[in-house]
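> Sequences listed follow chains Y and H, in order.
Going letter by letter, the first sequence gives residues 1 to 347 in this note's numbering.
Going letter by letter, the second sequence gives residues 1 to 474 in this note's numbering.
Only true hints are included.
Going by beta-carbon spacing under 10 Å, a handful of chain Y positions derived as facing chain H:
1) H10
2) A16
3) L19
4) G160
5) F163
6) N164
7) F167
8) S168
9) T212
Because the hints were derived from the structure by calculation, they are not lab data.
Every value quoted in this text rests on a predicted model; they were computed, and no experiment measured them.
Cβ atoms here follow ideal geometry from the backbone N, Cα and C, with glycine treated the same way.
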Amino acid sequence: MRNPAKFMMHFGFATATLLLAGVAFVGWIDPFRNLGFEWRIKFISDRNQAYKRFKVIEEAKGVTDLVIGSSTSEIFVPRVLMERYGVTAFASNSGGASLPLRLILLRHALATQPSLKRVIYVSDLFEFSKPKLETSVYYQDEMIKWLDKRHWARLKPESGERFNDFFSFMVLDRAIRTFKDYRASLAGKWASAYHTDGSTTQSMIGGKTGDTVENRVKASAIAMSSFYSEMKELDLFARELFGEIIQEIEQHPGVELRVVLSPFHELFFRYFESRFVTTGVYDAWIDFLKSHERGPIHVHNFSYPRYQDYGITQTDRFWQDGTHTTSEVMIKMADEIYSQPNKEQHP
Amino acid sequence: MLFNSFEFIFVFLPLVLTLYFMIRKREARLLMVLAASYIFYGFWNYKFTALLLFSTLVDFVLGIRIHECREAVAKKRLLWISIAINLGVLGYFKYCNFFVESAYELAKWLHFAPASAFHLDVILPIGISFYTFISLSYTIDVYLGRCSPHRDFLAYAGFVSFFPHLVAGPLIRHNELVHQLEDPARGRFNADHFAEGMIVFVIGLAKKILIADRLADGVNPALNTLSMLSTLEAWLCAFGYAFQLYFDFSGYSDMAVGLARMMNIRFPQNFNSPYQASSNTEFWQRWHISLSQWLRDYLYIPLGGNRGGSLATYRNLFLTMVLGGLWHGANWVFIFWGAYHGLLLALERRFGGVKNPQQGPAPFASVKVALTFIAVTVGWVFFRSPDMHFALDWLSRLFTLHPSFTLHHFEPAFRDRFIAAFVLAGILTWGARNTSELNLERIKRPGMAWALAVMFVVSLAFFSKKSPFLYFQF
Chain Y
1 MRNPAKFMMH FGFATATLLL AGVAFVGWID PFRNLGFEWR IKFISDRNQA YKRFKVIEEA
61 KGVTDLVIGS STSEIFVPRV LMERYGVTAF ASNSGGASLP LRLILLRHAL ATQPSLKRVI
121 YVSDLFEFSK PKLETSVYYQ DEMIKWLDKR HWARLKPESG ERFNDFFSFM VLDRAIRTFK
181 DYRASLAGKW ASAYHTDGST TQSMIGGKTG DTVENRVKAS AIAMSSFYSE MKELDLFARE
241 LFGEIIQEIE QHPGVELRVV LSPFHELFFR YFESRFVTTG VYDAWIDFLK SHERGPIHVH
301 NFSYPRYQDY GITQTDRFWQ DGTHTTSEVM IKMADEIYSQ PNKEQHP
Chain H
1 MLFNSFEFIF VFLPLVLTLY FMIRKREARL LMVLAASYIF YGFWNYKFTA LLLFSTLVDF
61 VLGIRIHECR EAVAKKRLLW ISIAINLGVL GYFKYCNFFV ESAYELAKWL HFAPASAFHL
121 DVILPIGISF YTFISLSYTI DVYLGRCSPH RDFLAYAGFV SFFPHLVAGP LIRHNELVHQ
181 LEDPARGRFN ADHFAEGMIV FVIGLAKKIL IADRLADGVN PALNTLSMLS TLEAWLCAFG
241 YAFQLYFDFS GYSDMAVGLA RMMNIRFPQN FNSPYQASSN TEFWQRWHIS LSQWLRDYLY
301 IPLGGNRGGS LATYRNLFLT MVLGGLWHGA NWVFIFWGAY HGLLLALERR FGGVKNPQQG
361 PAPFASVKVA LTFIAVTVGW VFFRSPDMHF ALDWLSRLFT LHPSFTLHHF EPAFRDRFIA
421 AFVLAGILTW GARNTSELNL ERIKRPGMAW ALAVMFVVSL AFFSKKSPFL YFQF
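Please take these sequences and the hints and turn them into a complete structure.
Structural data, given as structure tokens:
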């Protein structure tokens, strides 16, 4: 007869050991820089996208044009903007960036880049993502301090979720990958994929290849629907935070804000309309943005169906999927932005 | 509260087990178990504990009245009151909107429908299908003289609401559980039983988290793009769901069995390698055994069973399965699924010859097992689908050729895990013993303790996303 008490002691000891080892490893690597232990490694992996974008701009010099947004703004490649319009551009975008994150990145950029003249803010549905999804920001001391304290409670994750920051498959997986990058960096075999202009060789867009554009659009609509299943009316928090973006611009004379309403493929837009009745919400958002158009604040509406006025159709050459366009669309949007002078300078 | 949650594993369970073994007095321990079970249930929505209490009280009182009643007519009347109340509660919360909407669709088709359908804002209480059936089986058994009525409300209420089986089974009978709850010896800590219970619980947790949920990560997003799936992808989704449902539900049952075992209580086996069945009849002797037996004892046999000749037998089989399908959900897809299985059972009875598990292996056993698995999987297409339209679309993807050997409609982030879980599920389904066949004595070794700890900790790592059990919706 086996010894069950000994078995249970071994089980308990093994469980405790494995849990503590996992937590210690994650605490030492701190892949999202949101655990705050003094003994964590100093290395910042490229895999921590939001924090990386936040830090890279501190190294940049002479930035005049800043691009802020989610993956939909990735097509505004700084090098292309530099070549075409002669500006010193910087990409401060992050996959799925919520409004709190965008505001943090903007304030940080305004503080570190005294030469900033133009902010290209790409507006898309990710502004309505739930603040609590931005879990990597709430516990990130360096970043959260750029947001007013009265907003912090809105970003606070559910109490049980904090354990996942210390021990979960996702954080362990990220810690292991970060550790591999760290080891490679110690051996001189790792280099960041981020350029000094904020762009990166790693795309945020993981499109499904080998499919028709119609299928890719449908797939992206279905993939994103879980974010917006609760979007029934315009989020007041989104309005409040965007109001603070406007205030920041107005408090920095000489800086203009170009709000670009990002295009969505017609099929994608119709999918959301039929499932979530979003037309009213999105129209309300467009009206809200346009209501701020004055002085240094400009709104460029490329949303459906307005993009058709610029010769953008539903065909393959303009779309990677339902929300991500091609460089051909970017050129049309950028030409529109840079052809219109700042009203403040030219009344 | 879910078994696979931090609050259950690290707060609720340690507290309940500690109190269970510390409290010496039988009544106090029963009261603790009852209170813990109601807290467990009320964690989801405390308001529905009143419904659970109502259902429990009604059948407790009626059980005594049925037993004490001397007149056959009055006895039967009391039984019908119990049936009406239990099925009425179930009907209202689970089926009301389904019947209203179906009647509305029929009226629309016949061109005399009102402008819009009437819709009740009703929340489906979790586990209602289980505890009403458990409670109903008690009053029927008392009526038939199969058991004496229980006069101790604490013990009876503890039997109905015992948290390991409360929300998703197994469907325990009164005479299987009550005497165990009342037995003072069960309140003494037994290291062997506790260790066995722990092993079975961890295995069940791993089946649910590491296999079923990883399969779901692949199947669910792919099915969201059903109209684009290739034939291969459609079949992978079908087989993937078949494995997912089995490992999810049998995993939950293992956890329920393990929890009870920690408290020195034995639950009956609920799954016996159902996908190793070589006929549909054998499948239903191995899948959700407690439900199959409930349907047999309280539906099939009262309808006449196989006593009325061949046609009556086929009719009874078919009706039992249709109602069994309806029990699973208020949707035509479940009724169709039940009817499909009823038809298969009737056809097997007529043409196939029913395999007796006690006999030796049938000829071409592997082929029969494969065909049975495919037939069951086709049935699961209806079970998984939100409506008939989706089910028919899925079937058309399965049985028409859409060639492609890539899996690009499976989410890239989850694809590798899905494939690994799929392969592991196949190996465990046909190449390994099921949990009840394991020699737990051989597992109670230090080396195996570490292996089990790894399984447990890896399962914990996947707790970041709350994943309820599939059968919770029933």
